[in-house]
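From just these sequences and the hints, can you work out the full model?
Chains A and B supply the protein sequences, listed in that same order. Numbering-wise, the first sequence is residues 348 to 895 according to the numbering used here. Numbering-wise, the second sequence is residues 27 to 106 according to the numbering used here.
A couple of the hints might just be wrong.
[What the hints assert, rightly or not] For each label pair, taking beta carbons as the anchor points, the in silico distance ranges come out as: (1) B:R70 / A:P469: 21 to 31 angstroms; (2) A:S386 / B:R65: 50 to 60 angstroms; (3) B:N67 / A:K359: 40 to 50 angstroms; (4) B:I75 / A:H796: 48 to 58 angstroms; (5) B:P46 / A:T410: 26 to 36 angstroms; (6) A:V518 / B:R70: 21 to 31 angstroms; (7) B:R65 / A:P469: 16 to 26 angstroms; (8) B:I75 / A:D456: 25 to 35 angstroms; (9) A:T516 / B:I75: 21 to 31 angstroms; (10) A:G647 / B:S68: 26 to 36 angstroms; (11) A:D456 / B:P46: 18 to 28 angstroms; (12) B:N86 / A:L668: 31 to 41 angstroms; (13) B:N67 / A:P740: 49 to 59 angstroms; (14) B:N97 / A:D379: 33 to 43 angstroms.
Keep in mind the hints are simulated off the structure, nothing from the lab. Just so you know, these numbers come straight off a predicted model, no measurement behind them. By construction, the Cβ of each residue, glycine as well, lies at the ideal position given by its N, Cα and C atoms.
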Amino acid sequence: MNGAQILVECLKRERVNTLFCYPGAVIIPIYDELYLNPSGIRLVQPRHEQWGTIAADGYARSTGTPGVVLVTSGPGATNTVTGLANAFLDSIPLVVISGQVPGANIGTDAFQEANITGISMPITKDNILVSDVRDLSYSLKRAFIIAQSGRPGPVLVDIPKNVLVANSTFVYPETLENTPNKLNTHGSPKQIKRALKLISVSKRPLILAGGGVHFSGSLPYVNEFADKYDIPVVHTLMGNGINPKKCELRVTKQKEWAIRNCDLLIALGTRFNDDSPANSENISTETKIIHVDVDPAEIGKVLTPDVPIVGDLKSVLIHFLSAKEQILIHTDWIKELQSAPSCCLSNSSRTDVQITNELARSICRYFDKNTIVVTDLFISKPMLLELMDAISPRKLFCSSGLGTPGYALAAGIGAKLGNPETEVLVLTDQNSLQASMQELLTVRREEVHLKIMVFDHSHFETKDVLSRSDNTKKTNNGIANLSVNFAEFATALGMNSQITHCATQIEDVIGALASSSEAMLAQLTNADSDNQIHISENQLNTRSSLAG
Amino acid sequence: MNLKNMQSQCEISILVNNNPGVLSKVINLISKRGFNLERVNSERLSNDIAKIVVEVNIDNRRLALITKQLNRIIDVIKVS
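Structure follows, in structure tokens:
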């Protein structure tokens with residue numbers, strides 16, 4: 348078999364059913380082979396590799412299996428960098444296969460050559476340049492294992508063209524003897540004992556659940572743990588969906604207060620992101636911390652825990668659950684939590700809270716419990732946490748680590764392709780959608796029945812970062828916010844669309860989106876703002892100054 | 027003076043799989059943290075294993091952090 352055939356066979360063995368790919372000269376042999384042997388792989392071509400990689404991210408987040416991307420050398424590979432960084436910060440399993448110029452030309456600044464292994468080194472869990480076709484199947488198997496094991500992450504495999512056309516016998520290792528996964532630990536029994544001791548004497552304990560809960564499949568165990576030991580639960584943006592049987596244990600609006608005032612913080616699969624309520628400034632020095640994570644480098648990175656436990660979260664929780672420690676009931680603490688002040692409400696403007704509440708209500712009313720909501724970060728993170736809790740058990744995805752504008756549309760495409768029977772609602776705003784708008788073509792071509800809601804610039808006032816700078820309050824500060832009539836653009840593509848010139852019609856718009864049986868884009872505008880650009884062919888003038 | 031924050035010369039010995047690019051990953055990781063590499067030595071111990079020795083000026087807390095991050099690199103076998 349030649350390299351291309353080996354690659355396709357490997358993908359088949361890994362049960363890959365969707366490939367986000369963009370063609371190019373050096374990967375033609377792969378396209379040729381896929382044409383002859385489709386192998387049950389659906390080829391989805393984005394308009395730009397960045398959004399193809401982000402789509403693979405949305406696919407991976409929603410299915411739990413790695414998103415697989417195939418790009419060509421040079422610009423194809425470099426265009427995946429943002430997607431790789433995004434997946435790296437959020438720990439999403441991705442396998443990106445990039446073509447490379449033939450081995451003999453590497454290092455000669457050949458046409459469409461880029462040192463992607465060098466460029467992506469800090470933002471991939473591992474990457475490899477396959478220089479011999481005999482190493483190809485091993486490298487791919489290794490990539491898939493590394494992407495999914497321990498703490499998931501993106502892996503890049505760079506394959507020069509000569510390897511794709513060279514011949515070799517096909518041997519597919521089912522497992523690797525010295526598995527690169529060094530993180531198969533179950534947590535030190537001594538530390539687990541110390542942790543249980545701390546839990547048994549704590550009067551105001553709090554569980555902080557992060558993305559690790561989902562990656563390790565520990566959701567039911569966390570719920571059981573909270574119920575058994577009577578401990579309230581707070582989650583991060585990556586860790587939503589925690590729902591212990593005792594509803595009073597779910598801390599929603601009082602997250603920041605809870606974290607600041609607990610005496611024991613049990614951090615499960617989280618990294619104390621500086622942009623979350625569980626940042627190091629919000630945690631009191633008096634609080635004792637138990638930190639459970641499968642990645643030893645995360646423990647002690649931001650905060651030094653009193654009890655560090657390195658291990659797979661599921662096995663650690665099973666130990667916690669089987670222990671016969673005395674269990675304290677924390678009624679007073681739980682009561683205190685329920686009447687505690689809600690910090691995010693006091694930090695956000697009233698309209699933001701109002702809109703978020705209306706959005707949550709509308710989504711709960713019109714979209715079923717399996718719906719996946721994908722959003723950009725035009726909604727502030729505290730409001731997003733609120734939204735997440737309000738629409739639970741529906742999932743909500745966002746680019747919480749990297750904060751990529753335009754993430755929502757592309758990830759929504761991936762999520763829908765991975766879950767065709769599930770409704771996927773994309774929440775985006777003008778700036779974000781302008782970044783990834785060409786993927787509306789992909790929505791159309793792949794017949795992805797996405798529901799897209801576009802907000803205006805002025806809908807949400809509290810834009811976290813920008814609002815902290817005084818400069819943005821002035822009008823002529825160099826930031827050019829343009830407004831586009833996306834509904835017209837969508838209509839031009841043949842998509843259902845509607846535009847509503849009234850800020851308060853959120854519920855109607857969501858209702859219209861839900862009742863559409865095909866892809867639909869609905870836009871909410873506030874008023875006729877200055878920087879409007881009309882895209883219909885009938886109106887060729889652009890209003891106001893583009894020079895901004 | 028806080029012992030943890032005191033910087034001192036430190037020799038880190040890293041045992042790695044002799045795969046191309048692994049030296050690059052190790053050096054990349056150390057230098058992106060802004061530490062100055064005082065000395066770097068690399069030798070191949072066998073067909074599959076190599077040893078990289080670096081000397082950096084570093085405090086204890088960050089030494090612990092960088093050791094764990096070095097261990098996270100797939101081809102690294104042992105850090106001491």
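Would you list, in rising numerical order, the hints stated earlier that this structure does not obey?
-> none
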